[in-house]
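Student: In case you want the letters, here they are:
2 protein chains.
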Amino acid sequence: MRRTSLRGAVCPLARSLDEIGDWWTLMIVRDALRGARRFSEFEKSLGLAKNILAQRLRQLIANGIMELRPAADGGARSEYHLTEKGRRLQLVLVALRQWGADNLFGTGEEISVMVETATGQPIGQLKLVAEDGRPLGLDEVSVVRRTAGRAAT
Amino acid sequence: MRRTSLRGAVCPLARSLDEIGDWWTLMIVRDALRGARRFSEFEKSLGLAKNILAQRLRQLIANGIMELRPAADGGARSEYHLTEKGRRLQLVLVALRQWGADNLFGTGEEISVMVETATGQPIGQLKLVAEDGRPLGLDEVSVVRRTAGRAAT
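So the sequence lines, in the order shown, correspond to chains A and B.
All residue numbers in the first sequence are consecutive under this note's numbering, ending with 159.
All residue numbers in the second sequence are consecutive under this note's numbering, ending with 159.
There could be a bad hint or two in this list.
Part of the chain A face toward chain B, derived, beta carbon under 8 angstroms [what the hints assert, rightly or not]:
(1) Ile67
(2) Leu97
(3) Val121
Derived by calculation from the structure, the hints in this document are not laboratory data.
For clarity, every value in this text was computed on a predicted model and none was experimentally measured.
Yeah, the Cβ is synthetic: ideal placement off N, Cα and C, and Gly gets one too.
Next comes chain A alone, as it looks inside the complex:
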């Protein structure tokens, strides 16, 4: 990826891809959303080499997606926590998860499913909607240039 060309891009998709850097970022965020806090927990879950994982975590901290905090149990090792900016990546993870579930699994395969904790029911599909909540088809949208601010969301 040519990082410099995407970091200042007008397209927020391009900037997001530049900021996230590579897929391991989203796997680390996934584990953090599930409650992983310690270096050893991420290492065990992801099977990444220590030096690669350390580099990814440093980058996530530099980008404000994660932050180091003192260990909750008073131990010597700091913990990795998601910032608000990092927690907001959950919708990206859900979109990828739902696309994968719909397109990459055969009937009868074991799959991890996101459920509403209180009911145990699978969550609903993400939907493209207008500002007032009306459902929109994939062909009913287009992309225009604006100046960032209130209108940019």
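Based on the hints, put chain B in the right spot on chain A.
Tutor: Just chain B, lined up with the frame of chain A:
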């Protein structure tokens, strides 16, 4: 990325990341959703080297995300079209776009915004919802293992 370990993963996020491969895939899908069809259009938009772009397009076809069709104008060169599986990636792009717009732009910066074509109004934010449409907070969900099929969506 260790491709073999993710392709058979129980987690659909991991499989999606494996299938998409790298960020350029999503930039190519973005351009295709905007109407790009010819090799030269993708090349010009993305500034990728010809051999890299050709490899990415081959992979997208192998994965069933794009397909080759005869040129609409009867010309000699085939066109690249998204399949239904590829078109469904739009929600992933929208999720990344909205996260980028909310977290990576300063006020006053130029930004591309997705709008409802008919009204010119920015689309609504994607929302986490229960199966019956109730909004869910990021902390109200968890992940469980199931067998793929009707319950896996």
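Student: Decide, hint by hint, whether the structure agrees.
Tutor: Now the hints, each set against the structure:
1. Interface hint status for Ile67/A: violated, as the beta-carbon distance to the closest one in chain B is roughly 15 angstroms, over 8 angstroms.
2. The restraint placing Leu97/A at the interface with chain B holds, with a minimum CB-CB distance near 5 angstroms, inside the 8 angstroms limit.
3. At about 6 angstroms, the closest approach between the beta carbon of Val121/A and any beta carbon in chain B falls short of 8 angstroms, and the interface hint on this residue holds.
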